[in-house]
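Participant: What follows is the residue order along each chain.
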Amino acid sequence: MASSVRLYLSCIRNTLEAAMCLQNFPCQEVERHNKPEVEMKTSPELLLNSVVICRNEAEKCLIETSINSLRISLKVKQADELENILTKKFLRFLSMRAEAFQVLRRKPVQGYDISFLITNYHCEEMQKHKLIDFIVQFMEDIDKEISELKLSMNTRGRLVATEFLKQFI
Amino acid sequence: MVDAEDMITRIEQKSRKIESLIKQPVEALKTALEGSPPKTKDERCKSANWNVVHRAIMAIKAVDLMFSSLDPEYYDVLMKYLYRGLSTGDRPTCEQCLKIHEKLTQKAGLGCILRALSDTVNTV
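Here the protein sequences line up with chains A and B, keeping their order.
If you're matching positions, the first sequence starts at 1 in our numbering and goes up one per residue.
If you're matching positions, the second sequence starts at 1001 in our numbering and goes up one per residue.
One or more hints might be untrue.
What the hints assert, rightly or not - Calculated lysine-lysine pairs in the BS3-like style (CA-CA distance at most 30 Å, straight line):
(1) B:Lys1017 to A:Lys144
(2) B:Lys1030 to A:Lys128
(3) A:Lys130 to B:Lys1107
(4) B:Lys1103 to B:Lys1061
(5) B:Lys1030 to A:Lys75
(6) A:Lys144 to A:Lys166
(7) A:Lys144 to A:Lys107
(8) B:Lys1099 to A:Lys75
(9) A:Lys41 to A:Lys144
(10) A:Lys130 to A:Lys75
(11) B:Lys1099 to A:Lys77
(12) B:Lys1099 to A:Lys130
(13) A:Lys144 to A:Lys130
(14) A:Lys128 to A:Lys107
(15) A:Lys77 to B:Lys1061
(16) A:Lys88 to A:Lys75
(17) A:Lys166 to A:Lys88
(18) A:Lys128 to B:Lys1103
(19) B:Lys1017 to A:Lys75
(20) A:Lys77 to B:Lys1103
(21) A:Lys166 to A:Lys107
(22) B:Lys1046 to A:Lys144
(23) A:Lys77 to A:Lys41
(24) A:Lys128 to B:Lys1017
(25) A:Lys107 to A:Lys130
(26) A:Lys166 to A:Lys128
(27) B:Lys1046 to B:Lys1017
(28) B:Lys1061 to B:Lys1099
(29) A:Lys88 to A:Lys130
(30) B:Lys1046 to A:Lys41
(31) B:Lys1030 to B:Lys1099
(32) B:Lys1103 to A:Lys130
Hints are computed from structural coordinates only; laboratory data are not their basis.
Use the sequences and the hints to build the structure in full.
Facilitator: See below:
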């Protein structure tokens, strides 16, 4: 079980290392504009093939690259309805504060839970392998966070219910 | 049109050969990867060939031994098929593809991945 996570993360790491070859490329259509081509998708010659890496039916990762930007979208494992709600709220909390993260996208891509947008400017300011470490670490930690949240929520619910129902004994 | 029909018959012949070769998974994989239709746009040819390669990939048990006998010219095509396998989302396929992907990256390097990503002409 643990080894399948390791394989999934190492596959994503290798793919990111290969795909993160970004350079500055001003917009071809409009003068003096510089847009992340993976978001605009206007010229097919600037885009690489997008790949989906699935671990199983519930978890997957979409990596789309272009000449000056790279978009990574993750779908996190959600076992039941409660985890569904917790994941949605937690990731929405993070996405709203996308300014602080710099590489986070404010809205996840359709069909996924969270998205990252890495541009050539990020690669110039920050080290490439550190960015990849960040993404992979994020993926490892998100599962732990969600299960921790679920555990604390269940504990609290149990405590509250016990206290409340004591008055009826 | 004629080429597509021709290719489909060839792929069917290949799949029959694969069935017989299933005991030697490396041979089966080599046969499946040979003559992969590179320049067709026809979806049926591609999915037919993908089924054949999928069968060969799932039959492989010892991933390490496989690379000692597979020629380097097949690494790129195999990588493209691995990514197609990973996009299916089917659990056993994905596990197998992830295992092979790791070993193939160690053997062939990041260049192989990049060639699979950047080749928009010969897609699989």
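Participant: None of the hints should be skipped; say for each whether it holds.
Facilitator: Outcome of the hint check:
no. : hint                   : verdict
1   : B:Lys1017 to A:Lys144  : 47 Å, violated
2   : B:Lys1030 to A:Lys128  : 36 Å, violated
3   : A:Lys130 to B:Lys1107  : 24 Å, holds
4   : B:Lys1103 to B:Lys1061 : 13 Å, holds
5   : B:Lys1030 to A:Lys75   : 34 Å, violated
6   : A:Lys144 to A:Lys166   : 33 Å, violated
7   : A:Lys144 to A:Lys107   : 22 Å, holds
8   : B:Lys1099 to A:Lys75   : 21 Å, holds
9   : A:Lys41 to A:Lys144    : 35 Å, violated
10  : A:Lys130 to A:Lys75    : 22 Å, holds
11  : B:Lys1099 to A:Lys77   : 21 Å, holds
12  : B:Lys1099 to A:Lys130  : 25 Å, holds
13  : A:Lys144 to A:Lys130   : 21 Å, holds
14  : A:Lys128 to A:Lys107   : 23 Å, holds
15  : A:Lys77 to B:Lys1061   : 28 Å, holds
16  : A:Lys88 to A:Lys75     : 11 Å, holds
17  : A:Lys166 to A:Lys88    : 33 Å, violated
18  : A:Lys128 to B:Lys1103  : 23 Å, holds
19  : B:Lys1017 to A:Lys75   : 39 Å, violated
20  : A:Lys77 to B:Lys1103   : 26 Å, holds
21  : A:Lys166 to A:Lys107   : 44 Å, violated
22  : B:Lys1046 to A:Lys144  : 40 Å, violated
23  : A:Lys77 to A:Lys41     : 29 Å, holds
24  : A:Lys128 to B:Lys1017  : 46 Å, violated
25  : A:Lys107 to A:Lys130   : 23 Å, holds
26  : A:Lys166 to A:Lys128   : 57 Å, violated
27  : B:Lys1046 to B:Lys1017 : 18 Å, holds
28  : B:Lys1061 to B:Lys1099 : 10 Å, holds
29  : A:Lys88 to A:Lys130    : 27 Å, holds
30  : B:Lys1046 to A:Lys41   : 25 Å, holds
31  : B:Lys1030 to B:Lys1099 : 18 Å, holds
32  : B:Lys1103 to A:Lys130  : 24 Å, holds
Hint check: violations occur at hints 1, 2, 5, 6, 9, 17, 19, 21, 22, 24, 26; the rest are consistent with the structure.
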